[in-house]
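A.B. asks: Sequence:
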Amino acid sequence: MLTFKKNRQGSIAGFQPSTSKSRPRARFVRSLLGCTFALSAGCSLPVQAAPEEIQVYMDDLSGPGQFGLDVHNNYVISGADTPGYKGELPPRHVYRLTPEFYYGLTKTIELGLYVLTTRDAQGGTHNEGGKVRIKYIAPHDATTGFFWGVNLEAGKTNLRVSEMAWNAQLKGILGYRTGPWTLAINPNLDWSPSKGGGPVVGSLDGKVAYSLAEKTQIGFEIYNELGPVSNPQALNKNSKTLYAVLDQEVGGFDVNAGIGRGLTNDADRWVLKFIVGTHF
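For the sequence shown, the residue numbers in numbering that gives the first Met the number 0 are 0 to 279.
Please note: incorrect hints may appear among the correct ones.
[Unchecked claim] Using 20 Å as the maximum straight-line C-alpha spacing, the simulated SDA-like pairs for lysine to any residue come out as follows:
1) Lys106 x Gly64
2) Lys214 x Leu182
3) Lys236 x Pro50
4) Lys170 x Trp147
5) Lys106 x Phe279
6) Lys194 x Gln168
7) Lys239 x Val207
8) Lys170 x Gly111
9) Lys236 x Leu225
10) Lys170 x Ile133
11) Lys239 x Arg91
12) Lys170 x Asn223
13) Lys236 x Glu224
14) Lys239 x Asn264
15) Lys155 x Pro192
16) Lys106 x His139
[To be verified] Between beta-carbon pairs, the in silico distance windows are:
17) Trp180 x Pro138: 19 to 25 Å
18) Leu158 x Ile108: 29 to 35 Å
19) Pro198 x Leu112: 37 to 43 Å
20) Gly144 x Gly62: 18 to 24 Å
21) Thr81 x His139: 42 to 48 Å
22) Leu151 x Phe279: 20 to 26 Å
23) Ala153 x Ala79: 25 to 31 Å
24) Thr107 x Thr81: 40 to 46 Å
25) Glu87 x Leu203: 22 to 28 Å
26) Phe273 x Gly178: 25 to 31 Å
27) Ser77 x Thr143: 38 to 44 Å
Simulated from the structure, these hints should not be mistaken for laboratory data. Beta carbons: idealized from backbone N, C-alpha and C, even for Gly.
Turn these sequences into a full structure, and let the hints steer you where they fit.
C.D. replies: See the structure below:
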């Protein structure tokens, strides 16, 4: 999640959190999980959607045998108040809470599980399905130079958040570090194995970040939907959103916070995102 983070084996590369910090972190994890299950059960939370995961993939990877949790929070401040297809949850004032559990299988492979939930503008809470993923990051210098990898995910979601029940995505992970600068791009291919799933759709996400300090970065993230791969569309079509973001490590937790502005008519106008992650 954090671009200054070279792996998920500690707060920063080579650092192992102390036992004294692990106990409050464990309590925090339990609180996060409790909140998630409460939302799924229909409790009233003070916050009330956008994609379940607004994130540019970097070279973060859990060590072998290590578990972690990222909690993705997205809220559409200003967006369409009518559904884009029959059965869709209108985006305006929708809050999406998505816990992502992950596990380091080897030094280069990580497994993940997403649990999707939403809270609509009227306060109703919904379970929206789940997804699994497998991520590979090639061995590389974690401090400078080029890195690459690939992520494959698939899952079943409800009609409220996806027109097709079954969906899959192949994500490329390409990046480069030099001095305080980090650049990363994710070329993506999305498709549905469901009957009548339609064409393969492309998108391109990117991030540029600048390190202000060892544990602090600022930067921009952009998310570009490109339309069907077989029928490329004009740049002013489909959803395109630019985010100003802050990456910060706080007490062993990774935080990514940002505010996004839609650049096209198909995009939500304003979106808030907040990701908090920890490792255990």
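A.B. asks: Decide, hint by hint, whether the structure agrees.
C.D. replies: Results for each hint:
Simply put, Lys106 and Gly64 have alpha-carbon atoms about 9 Å apart, close enough for the 20 Å limit, and the pair holds. This hinted pair checks out: Lys214 and Leu182 have alpha carbons roughly 17 Å apart, not beyond 20 Å. Between Lys236 and Pro50 the alpha-carbon distance is near 18 Å, which keeps this suggested pair within the 20 Å criterion. With a CA separation close to 11 Å, the supplied pair Lys170 and Trp147 stays within the 20 Å bound.
Restraint check: the Cα-Cα separation between Lys106 and Phe279 comes to about 17 Å, which is no more than 20 Å; the hinted pair holds. In summary, the hint linking Lys194 to Gln168 is supported, as the alpha carbons are separated by about 17 Å, within the 20 Å threshold. About 16 Å separates the Cα atoms of Lys239 and Val207, which keeps this hinted pair within 20 Å; it holds. The hinted pair formed by Lys170 and Gly111 meets the criterion: a straight-line CA distance of about 14 Å does not exceed 20 Å.
Of the supplied pair hints, the one linking Lys236 and Leu225 holds, its CA atoms being roughly 8 Å apart against a limit of 20 Å. Between Lys170 and Ile133 the CA atoms are separated by roughly 10 Å; this keeps the pair inside 20 Å, and the hint holds. Of the supplied pair hints, the one linking Lys239 and Arg91 holds, its CA atoms being roughly 17 Å apart against a limit of 20 Å. With a C-alpha separation of about 13 Å, the suggested pairing of Lys170 with Asn223 holds against the 20 Å cut-off.
Between Lys236 and Glu224 the alpha-carbon distance is near 8 Å, which keeps this suggested pair within the 20 Å criterion. Between Lys239 and Asn264 the alpha-carbon distance is near 9 Å, which keeps this suggested pair within the 20 Å criterion. Only pairs whose Cα atoms come within 20 Å are accepted, and Lys155 paired with Pro192 is accepted, the gap being roughly 10 Å. Taking the CA atoms of Lys106 and His139, the gap is near 11 Å; set against the 20 Å cutoff, the hint holds.
Trp180 and Pro138 have their C-beta atoms about 22 Å apart, which keeps the hinted 19 to 25 Å range intact. The supplied range of 29 to 35 Å is met by Leu158 and Ile108, whose beta-carbon atoms lie about 33 Å from each other. A hinted range of 37 to 43 Å for the beta carbons of Pro198 and Leu112 is inconsistent with their spacing of about 28 Å. Between Gly144 and Gly62 the beta carbon distance is about 21 Å. The supplied range of 18 to 24 Å therefore holds.
Between Thr81 and His139 the beta carbon distance is about 46 Å. The supplied range of 42 to 48 Å therefore holds. For the pair Leu151 and Phe279, the supplied restraint of 20 to 26 Å holds, since their beta-carbon distance comes to about 25 Å. A beta carbon spacing of about 27 Å between Ala153 and Ala79 agrees with the range 25 to 31 Å that was offered as a hint. For Thr107 paired with Thr81, a C-beta distance near 45 Å keeps the hint of 40 to 46 Å intact.
Roughly 24 Å separates the CB atoms of Glu87 and Leu203, a value that falls within the hinted 22 to 28 Å. Remark: the range hint 25 to 31 Å for Phe273 to Gly178 is upheld by a beta-carbon distance near 28 Å. The supplied range of 38 to 44 Å is met by Ser77 and Thr143, whose beta-carbon atoms lie about 40 Å from each other.
Hint 19 from the earlier list is the only one contradicted by this structure; the remaining hints agree with it.
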